[in-house]
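Colleague: Going line by line, the protein sequences match chains A and B. So in our numbering, spot 141 of the first sequence is number 141, and the numbers just go up one at a time. So in our numbering, spot 154 of the second sequence is number 154, and the numbers just go up one at a time.
These are computed hints drawn from the structure, not numbers from a lab. Since this is a predicted model, take the numbers as computed values, not measurements. We treat Cβ as the ideally placed atom computed from N, Cα and C, and that holds for glycine. Some hints could be false.
To be verified - Restraint-style ranges between C-beta atoms, simulated for each label pair:
1) B:Thr124 with A:Ala132: 27 to 35 Å
2) A:Asn130 with B:Asp101: 46 to 54 Å
3) B:Ala55 with A:Gly129: 29 to 37 Å
4) A:Thr190 with B:Glu26: 21 to 29 Å
5) B:Ser106 with A:Ala96: 39 to 47 Å
6) B:Ala105 with A:Ser122: 51 to 59 Å
7) B:Arg119 with A:Gln100: 45 to 53 Å
8) A:Glu118 with B:Leu194: 19 to 27 Å
9) A:Leu160 with B:Arg93: 51 to 59 Å
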Amino acid sequence: MVAGPTRRGFLRRAGAVAVPALGAFALGGCGGDEEPVRDEGALLGTVPATVAESEGGDVALLNSALAAEHLAIAAYTAAMPLLEGLARDSARRFLAQERQHAARLRELIAGLGATAAEPLPSYDFDPPGNQAETLRLLQHVERKAIVVYGGVVPRLADPLLRATAASIATTEAEHVAALRMRLALWPAPTPFVTGAS
Amino acid sequence: MTAGGLSRRELLLRPAQTVAQVGGDERVVAGLLLLERVAVASYGRAVSAAREVPAGRTARGLPELPELLGRLRAQERAHAEVLASKLDELGGRASAVPVTDAALASARAALGLRQPLARLDDETAIAAFALELEDAQLTAYLEAVRDLRDATLVELATQIMGAEGQHAVALRSLLSDAPRTLVPDAFERGEADLP
């Protein structure tokens with residue numbers, strides 16, 4: 001059983017707002033699974049044919065990715081008390097990994113001589129009613145991060161930044177797979193991971 | 001070590017300039033396609049072997065091993081089909097599909113895959129065999145994302161790399177369902193050690 005948090009309690013931990021992100025990949029609040037996510041499935045060619053050239057562009061892209069990591073960190077932090085057993089162990093590990101992603105992105109942004117985006121004061125999540133709903137919410141947040149990285153990676157001008165971002169995006173896809181397994185779902189539902197439902 | 005004396009990691013993590021010098025995107029896509037075709041053929045052998053071993057304990061939500069491997073094989077085939085189409089658009093030519101055991105063994109050796117085809121005699125061995133394949137693909141796609149020039153190909157490689165990571169999670173779960181086993185590294189590079 002999951003401890004029954006009040007809506008107020010969950011929101012106090014998670015906060016309230018949306019994540020500023022890259023153009024079409026902007027993230028709204030993180031409601032339920034019914035919320036539309038940009039469907040990239042089988043839609044290639046959603047990015048320009050040539051990558052950007054400016055380092056300034058890379059900074060903005062990395063900050064978009066960092067914003068998605070901040071959202072994920074907020075979600076896992078809020079979700080931890082609502083989970084038990086292996087689900088909680090998974091959330092603890094994935095939270096630590098999201099923090100590693102954020103730290104690495106901050107380093108990369110600083111390396112470009114720019115300032116990393118700070119987390120928002122608060123993030124808004126619909127309060128889950130039980131463990132399964134909490135896992136679905138986390139899956140939803142991870143999918144949104146994958147959507148963001150799907151837009152960021154092809155646009156990064158620096159090849160090494162692309163590789164780092166793709167490495168992180170793949171880890172987010174693995175988080176989705178592991179969360180799906182905790183929900184007794186097949187972990188690899190599509191041959192092309194886009195973040196779409 | 002590969003036939004050319006390079007380790008798989010050395011083979012797959014060539015400097016970007018080297019890849020660009022010898023054929024650019026066409027060369028990268030051809031390499032990925034070969035790896036996917038070797039994966040399809042290797043999974044075919046693994047599915048056959050899995051039907052001969054006693055059923056193990058798969059995680060809740062996962063099918064029995066032959067079905068699990070068959071699903072992963074189907075996704076590798078989907079990757080190969082898209083890559084073949086992309087290579088055709090680039091005017092490139094695909095390597096021959098390894099059909100016989102000898103051809104497959106030779107192709108696997110050239111790619112630095114060391115798990116033997118002939119020793120798939122229990123669930124753990126089959127999982128290790130498939131995980132080596134997925135790790136090789138993760139490493140190759142990471143290199144491809146770095147080296148490809150065409151952004152739509154980078155987008156495609158990123159999407160497929162995510163799927164290979166999810167395959168790895170399914171396979172790792174055959175060894176342990178501990179979170180540190182399922183997702184061992186915050187930065188997936190296809191280099192995680194088996195538990």
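Colleague: It remains to establish, for every hint, whether it holds in the given structure.
Modeller: Hint check results:
For B:Thr124 and A:Ala132, the hinted distance range of 27 to 35 Å is satisfied, since their beta carbons lie about 31 Å from each other. The hint said 46 to 54 Å for the Cβ distance between A:Asn130 and B:Asp101, and at roughly 50 Å that hint holds. Taking the beta carbon of each, B:Ala55 and A:Gly129 are about 36 Å apart, inside 29 to 37 Å as hinted. The supplied range of 21 to 29 Å is met by A:Thr190 and B:Glu26, whose beta-carbon atoms lie about 27 Å from each other.
A hinted range of 39 to 47 Å for the beta carbons of B:Ser106 and A:Ala96 is consistent with their spacing of about 42 Å. Distance hint check: the CB atoms of B:Ala105 and A:Ser122 are about 57 Å apart, consistent with the given range 51 to 59 Å. A hinted range of 45 to 53 Å for the beta carbons of B:Arg119 and A:Gln100 is inconsistent with their spacing of about 36 Å. Our hint of 19 to 27 Å for A:Glu118 and B:Leu194 is violated, since their Cβ atoms are close to 39 Å apart.
In this structure the supplied range 51 to 59 Å is violated for A:Leu160 paired with B:Arg93, their Cβ-Cβ distance being about 30 Å.
Violation of the numbered hints given earlier is confined to hints 7, 8, 9; the remaining hints are satisfied by the structure.
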